[in-house]
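Q: Given next are the chains, with one letter for each unit.
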Amino acid sequence: MSVQKETQNPLFYMLIVVLVVMSLGPILLMLATSFKTNVDVYDSSVSAFFFAPTLANYETVLCDVLWYEPSHVDYCDPTFGRALGNSLFVALVSTGLTLFMGCMAAYALVRFKFMGRGTVSMTTLLMRMVPPAVLLVPVFGIWTFQYGLDGTFTGIILVYTAMNLPFVIWILQSFIVQVPIQLEEAARMDGANPIQIFFLVVLPIIKPGLAAAAIFTFRIAWNEFLLGNALLDRNTRTVPVTIVNSITEYDINWGVIMATGMLLAIPPIIFTFVASKQIITGMTAGAVKG
Amino acid sequence: MNIANKANRLTPYVFMAPAAIILAVALLYPIGYMIYASFLDWSPSQRIGEADFVGLRNYVNLMHDAAFRESFWVTVKFAAVVVTLEMFIGVGLALLLDRNIKGMSFLRTIFILPMMIAPIVVGLMWRYMYHPTVGIFNRTLKDWGFEGIPWLSDSTWAFVAVVMADVWQWTPFIFILSLAAMQSLPRSALEAAEIDGASDMQKVIHIKLPLMLPVLIVTLMLRLIDAFKVLEVIMVLTNGGPGLSTEIVAMRIFRTAQEFQELGEAAAMSNTLLMVLMALTIGMFAYNKMQEGRAAKMQAMAAKGTA
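One line per chain: the protein sequences are Y and B, in this order.
Residue numbers for the first sequence follow the working numbering, beginning at 410 and rising by one.
Residue numbers for the second sequence follow the working numbering, beginning at 287 and rising by one.
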């Protein structure tokens, strides 16, 4: 990389500021609104960003899990608190399962060469193109009538795991290929069996790949609405489903719904700041490396 | 010894088995099932065995269904507009910002935020901003003395509104991919051009863009495939309305299954959408293969040249 000698144009910095404001603006507006009372939201004399902030919306959303009873909540609706728990459980379990199965499959595909890498990336691409809307009808039919898994966590975790597996296998493959085979051979000399080699030698090396895969899987399971909406019942609903159900045509309580949206957005935002490098690796791996 | 050997030979299958079983049970079987279901007259209260086989009737109905044709057209229009805008803005920004500046990685982090947040939440944010009275757009317009815009209640504006939301969410994807491609370009070509006195513009047109083309095409295809899958943002923003102005096929499938309870017809729609996407994906894969082949040939030629 050569060092740029020319000093950058001030217009250049202005462009960057504008871009940052544009991409953060809507998110910040949601954050601000989540601290706003409904009266202030509908009062056009109150500024979008400067007003008396309140935690009341978050208290309304989380009233079920708070250790105290917020005074302004007359009736505590347990839906959101429960949905948060459900979302967390579903996303974590399906991420764990996907990673576990995915890394084993990726390892087998790379090291034992019984299917070409071409076949795998072809399958991954084909699977990537299947929209959740297309899975809606068959999954609903099969889960309800054949597997009897409608309304259960098992059912939804099964779908999310299957949806994420192709991508996870694909991305982990590119990391496993880079593990030096000599390491594995040395371990074999020392008498380790394939299972030990995999868990004790290979897995620790591909940790960055596992992190990238985990974030992508978690995000999809955490954000998914369509299949969750079709499969889950009142008690097992996840957050995206409850949000959509609480949007009515008129008279939306924006403060409360923005607080819910914020709670749903926080985990992905944290991941982005903690592991943006891994995320970008995962995103570019497909297109740039071919 | 023999047993150990056998165990070793079984290992790959043991490693593959869990993933293979899950994929077969929860992905391949449902897709096959859907293809079958598209030939049935099927409502959700029926088991699939009780549904009548109606041959191609669902597909014929689709062809004659003006609403479906409309939503197909809306999908194509949406995908084309969105992908074109995003490609131009994303690649343009990447060309502008391809410099050594401090904080580039922070900038990239900010840019991927919109993609990481749930589509449902993105829909919410934009619906709030488009709100006729309290939304930030109309409030600003009124402050400046203009009329408010009926963002989500006028069919033309509603289409503009969903396009804007999608461009906000996905332009960074193109930007990041093309920036990565640009930074992996061979420095030698650019330096040679510099020595020959090429201007910045000439470098972009004659060197950077042609060299990036393979990546750009793959990026375009990936984004195009994803644009056909957009559903949640539009659902929260407009629910397909007003009228059918923003009802993309994915939305129509959802409503046909959920509201109208016509599972067979929804399956036929899903199949149609799937075939379109399949064609796109295979096209992209073929292009990739062609590129690889060409690169291999070039390498072989280069090797011969030096020998």
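Hints are computed from structural coordinates only; laboratory data are not their basis.
Mixed in with the good hints there might be a few duds.
Cross-link-like lysine-lysine pairs, in silico, DSS-like; alpha carbons within 30 Å at most [stated by the list, open to error]:
| no. | chain 1 | residue 1 | chain 2 | residue 2 |
| --- | --- | --- | --- | --- |
| 1 | B | Lys-583 | Y | Lys-686 |
| 2 | B | Lys-575 | B | Lys-489 |
| 3 | B | Lys-388 | Y | Lys-616 |
| 4 | B | Lys-489 | B | Lys-363 |
| 5 | Y | Lys-686 | B | Lys-489 |
| 6 | B | Lys-575 | B | Lys-428 |
| 7 | B | Lys-388 | Y | Lys-686 |
| 8 | Y | Lys-686 | Y | Lys-616 |
| 9 | B | Lys-575 | B | Lys-363 |
Partial list, computed: chain Y residues near chain B (C-beta under 8 Å) [stated by the list, open to error]:
| no. | residue |
| --- | --- |
| 10 | Pro-435 |
| 11 | Leu-535 |
| 12 | Ile-578 |
| 13 | Leu-592 |
| 14 | Ala-596 |
Cβ coordinates follow ideal geometry from the N, Cα and C atoms, glycine included.
Q: Confirm or reject each hint.
A: Each hint tested on the structure:
This hinted pair does not check out: B/Lys-583 and Y/Lys-686 have alpha carbons roughly 34 Å apart, beyond 30 Å. Distance hint between B/Lys-575 and B/Lys-489 is fulfilled; the C-alpha atoms sit about 28 Å from each other, no more than 30 Å. Taking the CA atoms of B/Lys-388 and Y/Lys-616, the gap is about 28 Å. The hint holds against a cut of 30 Å. With a CA separation close to 33 Å, the supplied pair B/Lys-489 and B/Lys-363 exceeds the 30 Å bound.
Distance check on the hinted pair: Y/Lys-686 and B/Lys-489 sit about 29 Å apart at the alpha-carbon level, within 30 Å; holds. Under the criterion of a C-alpha separation no larger than 30 Å, the hint pairing B/Lys-575 with B/Lys-428 is inconsistent with the structure, at around 54 Å. As the CA atoms of B/Lys-388 and Y/Lys-686 are separated by approximately 16 Å, the hinted pair is consistent with the 30 Å bound. Between Y/Lys-686 and Y/Lys-616 the CA atoms are separated by roughly 13 Å; this keeps the pair inside 30 Å, and the hint holds.
Distance hint between B/Lys-575 and B/Lys-363 is fulfilled; the C-alpha atoms sit about 29 Å from each other, no more than 30 Å. Given hint, Y/Pro-435 at the interface with chain B, holds; its Cβ is 4 Å from that chain's nearest Cβ, closer than 8 Å. Annotation: interface hint on Y/Leu-535 holds; nearest CB of chain B at approximately 6 Å, less than 8 Å. A least Cβ separation of about 7 Å between Y/Ile-578 and chain B falls short of the 8 Å threshold, and the interface hint therefore holds.
Interface hint status for Y/Leu-592: violated, as the beta-carbon distance to the closest one in chain B is roughly 17 Å, over 8 Å. A hinted interface residue such as Y/Ala-596 counts as satisfied when its beta carbon comes closer than 8 Å to some beta carbon of chain B; here the least separation is about 14 Å, so the hint is violated.
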